[in-house]
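Here the protein sequences line up with chains A and B, keeping their order. Per this note's numbering, the first sequence starts with residue 1, numbered consecutively. Per this note's numbering, the second sequence starts with residue 1, numbered consecutively.
In short, the hints are calculated from the structure, not lab data. No experiment lies behind these values; they were computed from the predicted model shown. All C-beta atoms in this analysis are idealised placements derived from N, C-alpha and C, irrespective of residue type, glycine included. Be aware that one or more of the hints could be misleading.
Claimed, not checked - Residues of chain A clear of chain B, computed beta-carbon distances all greater than 10 Å:
| # | residue |
| --- | --- |
| 1 | Thr61 |
| 2 | Val66 |
| 3 | Arg200 |
| 4 | Trp210 |
| 5 | Met229 |
| 6 | Asp276 |
| 7 | Gly312 |
| 8 | Ser396 |
Claimed, not checked - If you anchor each label on the Cβ, the simulated ranges turn out as follows:
| # | chain 1 | residue 1 | chain 2 | residue 2 | range |
| --- | --- | --- | --- | --- | --- |
| 9 | B | Ala48 | A | Gly168 | 52 to 58 Å |
| 10 | B | Thr218 | A | Leu111 | 43 to 49 Å |
| 11 | A | His417 | B | Lys125 | 40 to 46 Å |
| 12 | B | Phe255 | A | Leu424 | 57 to 63 Å |
| 13 | A | Pro428 | B | Gly69 | 58 to 64 Å |
| 14 | B | Thr218 | A | Ser339 | 22 to 28 Å |
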Amino acid sequence: MRRRAVRHPLAFTVIWLAAAIVAIEAHAEFEIEAWDLSGRVSLEVRAFPQTGIDASHRSYTTGFVVEPKLYLEDVGGSSFTLLPFFRYDSADSVRTHWDLREAYALLYGELGEGEWEVRLGVDRVFWGVTESQHLVDIINQIDFLEHPNGEVKLGQPMVHLTWTGDWGVLEFFGLPYHRPRLYPGRGGRLRFAGLVDRERVEYESGAEEWHQDFAARYSRSFGPLDVGMSVFDGTSREATLVCVPPACGGSVFPYVFIPYYSQIRQFGLDGQLTLDSWLLKFEAIHRSGDRNPIGREEEIRAALVQGRGFEGILGQYREEEYVAAVVGGEYTFYSVFDSTADVGLLAEWNYDERGRQALPRRQPMTLDNDFFIGARLAFNDVDSTEITAAFLTDASRETRTLAVEFDRRFFNQWSLHAEANLILSIDPLDVQYVGRRDGFYEFHLEYNF
Amino acid sequence: MRTIHAYLVRVLLLAPCLVLLSWLGMPPIAHPATPEETGLKIATEARARDDGFGNFTASQTMVLRNKQGQESRRQLRVKVLEVADDGDKSLTVFDEPRDVQGTALLTHAHKREADDQWLYLPALKRVKRISSSNRSGSFMGSEFSYEDLSAPEVEKFTYRYLRDEPCGDLTCTVCERFPVDKKESGYSRQVVWQDKDELRIWKIEYYDRKDAHLKTLTIGNYTQYLDRYWRADEMTMVNHLTGKSTVLTWSDYQFRTKLRDRDFSKTGLKRVR
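Pulled out of the complex, with its shape left as it was, chain A reads as follows (with noise of 0.2 Å):
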């Protein structure tokens, strides 16, 4: 295995000592001015209409998840917020489970023109703007065990520092320390086949999940045309999944997969132009150093047969460099029929260079040549009544699937949401295939205060 050093030392060491300084200045003078506590109580059940493709599989789950948020600000307007995280799940111990997902301070001033801001702590970011798949967002690691739609992250470690000025928004991100990925446990669904080693976690870098890793983003508004540009080096937050014998292979069911995360490179792209009702889209990256099976099957089973190691079998990997990209929009039909309601249609194109040898990334599915068209009716009526469906179709095999989510508010603070996640046809050629019969529906009764 490579082993490389931390790079971008100097940028972070003065990243971390400006960061400190002004962390201890603001500690000195904290005083609370404001404060909120909010968050939500939810209820949740979970069913699988068709039983599992593993005997261990359940086929209905309940739960609920806590989750509270502490804002503190300061009279000179800085803030501290302290969000974490609790599920319990009735099938899925690995389920059960809690995560900070904010906790930072929040710090800024004036500087020349524009502004600095800070950020220091757990934080989320989202960047991009499309919807059926988040191609240039990766500062956060996914919470996999909530959904598979991926839009629910881990909190991440990191100093985020933010330049604003008349010329456009230049943002910095240190990201100390790699929060792996968490797979469903065994009573789990979605989990597909196998099962992911817990225990064990490879990396490519020597300092493994202390990893140094490096963001950045400079984004600016064009009148109608919002942009944005990306870089990101270090850590890998998708796992690469190596089966290694005794624990995988042969006879022993289910397989425990080794988790291995490599080091990568990141650029993207993102834009979107709106106009009048049109919200046109677009987001492209180009990464490099993610390592792929496929293509590898022969000299992967020929490893396996002399019994080598895990990095006889991932040195038998492919380390791939590949473009992939999303592009579309979003039309919105105001004030339908003369009611209050409001219809928006979208339609997104996924592409992928790797085609078939394509992995899945945030979502279980390879989205390499997918079609995305979704609706959204809104009916802007007191309960904020909202229904939504997102059609996918891989163009190139007969894999469909469809989804369709309803919300609504009740008494002022509390409120429902259903959905149903259906699996219309899957291709067997696809990854995604051992997930073809964890098609599930589920309702959420929620309590905001």
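Starting from the known structure of chain A, fit chain B onto it as the hints suggest.
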């Protein structure tokens, strides 16, 4: 003595010139102002009187009532920044209902072209540029539309003065205003009652695209801030078609706070609590 003399000479020489200039500046034939000119003059003057407020923050409470009398509450915080030679910038933060707590809407209004709008979704920490063409849509299920809540730019309407009539203890001018861009507005026209002393708006009647009387807004409880700027505490919007109403109560007005332009940027939007 000599200086005073020189000053007098200068004034004596200048005076006829000034008279001549002011005479030249007048239209060649004086005519009584048309209703359109009077209407525009009132709107321009009302706007001019609000110039120079700099910025303000306030809290809003909305009580939405349906025909059966069922109530629903909205709680918001508003920050407004005056922009020289363009529309104002504003930031609206939602406190209630609690499921959208922390959601925020940033608007850069423009005098002629479409406004720029960004929505911040705290659960995803996502800033979304949204279309501002939804001006006639309901704001949070209330009887107020986005259009009703934004400061009307003088340039976005044409005007017609109708009459003077008593309104309470005051005398009001009654003017109509028509949107310049018909697509941008949900109304064909609005009728506006403004008192003659301070040009404060007391009532607006909204007529839909078929010219049916859709809604009526009544405004009350004006307070003057910084000895100049009038702000109302209570606005009641009644929808005559549905029988629903919304009472919007303003409180905690603070003028000329430490708000800066940078607080109305996308970075500032992500900072709201």
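The hints, checked one at a time:
At the 10 Å boundary, the C-beta of A:Thr61 stays outside the reach of chain B, the nearest C-beta of that chain being 22 Å off. Every CB of chain B is more than 10 Å from the CB of A:Val66 (nearest about 15 Å), matching its label as outside the interface. Its beta-carbon lying about 32 Å from the closest one in chain B, A:Arg200 satisfies the requirement of being farther than 10 Å from that chain. Interface exclusion of A:Trp210 from chain B stands, the closest Cβ pair being 25 Å apart, more than 10 Å.
Against chain B, the non-interface label of A:Met229 holds: every CB pair exceeds 10 Å, the least being about 15 Å. The Cβ of A:Asp276 sits about 5 Å from the closest Cβ of chain B, inside the 10 Å cut-off, so the non-interface label is violated. Annotated as non-interface, A:Gly312 keeps its C-beta farther than 10 Å from every C-beta of chain B; the closest such distance is 42 Å. A:Ser396, annotated as away from the interface, keeps every beta carbon of chain B farther than 10 Å; the closest lies near 31 Å.
About 35 Å separates the C-beta atoms of B:Ala48 and A:Gly168, a value inconsistent with the hinted range of 52 to 58 Å. Checked against the given bound of 43 to 49 Å, the beta carbons of B:Thr218 and A:Leu111, roughly 47 Å apart, stay inside it. Between A:His417 and B:Lys125 the Cβ separation comes to about 20 Å, which falls outside the hinted range of 40 to 46 Å. Between B:Phe255 and A:Leu424 the beta carbons are some 58 Å apart, a value that agrees with the proposed interval 57 to 63 Å.
Separated by about 60 Å at the C-beta atoms, A:Pro428 and B:Gly69 satisfy the suggested range of 58 to 64 Å. The hinted range of 22 to 28 Å is satisfied by B:Thr218 and A:Ser339, whose Cβ atoms lie roughly 26 Å apart.
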